[in-house]
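Asker: Residue numbers (the working numbering), protein chains in the order written: chain S, 1 to 149; chain B, 150 to 238.
Check the hints yourself; a few may be wrong.
Quick list of the computed label-pair ranges, beta carbon to beta carbon [unchecked claim]:
#	chain 1	residue 1	chain 2	residue 2	range
1	S	Ala22	B	Trp166	29 to 35 Å
2	S	Thr23	B	Gly152	18 to 24 Å
3	S	Ala22	B	Asp232	45 to 51 Å
4	B	Phe171	S	Gln70	23 to 29 Å
Rather than coming from a laboratory, the hints here were simulated on the basis of the structure.
The beta-carbon is built from N, C-alpha and C at its ideal position, and this holds for glycine as well.
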Amino acid sequence: MQKIRAYVEEQFADLPETEQIATLKEEIMDSMEEKAADFMLGGKAEEDAINKAIVDFGNLAEIKKEFQLQQEPKQKDGKLKKQKEDMSTLNLGFSICGSVLIIGLLIFVNIYYTPHEIWFVFPTFAILWWPVSMAFVWMKARRRKVMHR
Amino acid sequence: MDGDKYGYQISKDIAAWTDDAFQIKEATLYAVFQRLERRELIESYQGEKSHGGKRKYYTITTLGKAYWQEAAKEWQEAKQLIDIFMEGV
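For reference, chain S alone in the conformation it holds in the complex:
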């Protein structure tokens, strides 16, 4: 019966060793062992019975696929999207602070050195593109989050 355990362990080797997986593996092993025992009662040699039990059981990939389906939506969707959305808020904040500092410097230079000619407005328009574009990205991320709910 060691062969059955080894086979199931090998098939599930690529999945993380969680409690859920452990119970699932245990259940599959027990079921296969009982099946093999039934075949042996029917007159088969142990080696034969074990092989037939494994083959008759069917493809374990089917169970694994079903199992991964219930894990992935929680992990992948949640984490990755959230990370992206957090970045867009941070980016927007940074762009606002950054442009305020640059515009402040321009106003200072303008008033200190050339107080009779107001020119700081022109570069200010150019700099404002930065927070405006970041605000656009931020709004897009927020709308996607609402749609995902």
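Dock chain B against the given chain S, drawing on the hints supplied.
Answerer: Okay, now just chain B, sitting in the frame of chain S:
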């Protein structure tokens, strides 16, 4: 549908009911259990020790029974329709 059962027993019962006409693969059966359990249509619990291992028993939930009624009704309707189409064949 009589009493709680464990996986291998269910597969044997299905084969016995259908005179071996339908032998469900245990892998398919366990995949179905996963899906039904996720949708809370069935529940499982660890039974007493036997054969050196603890068996996992499955039981239908109230939600599962309601769903089963609904699905049976739908199937009857579909079957009636197909019977009409198959008349005279």
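Asker: Broken hints, numbered, in rising order?
Answerer: none
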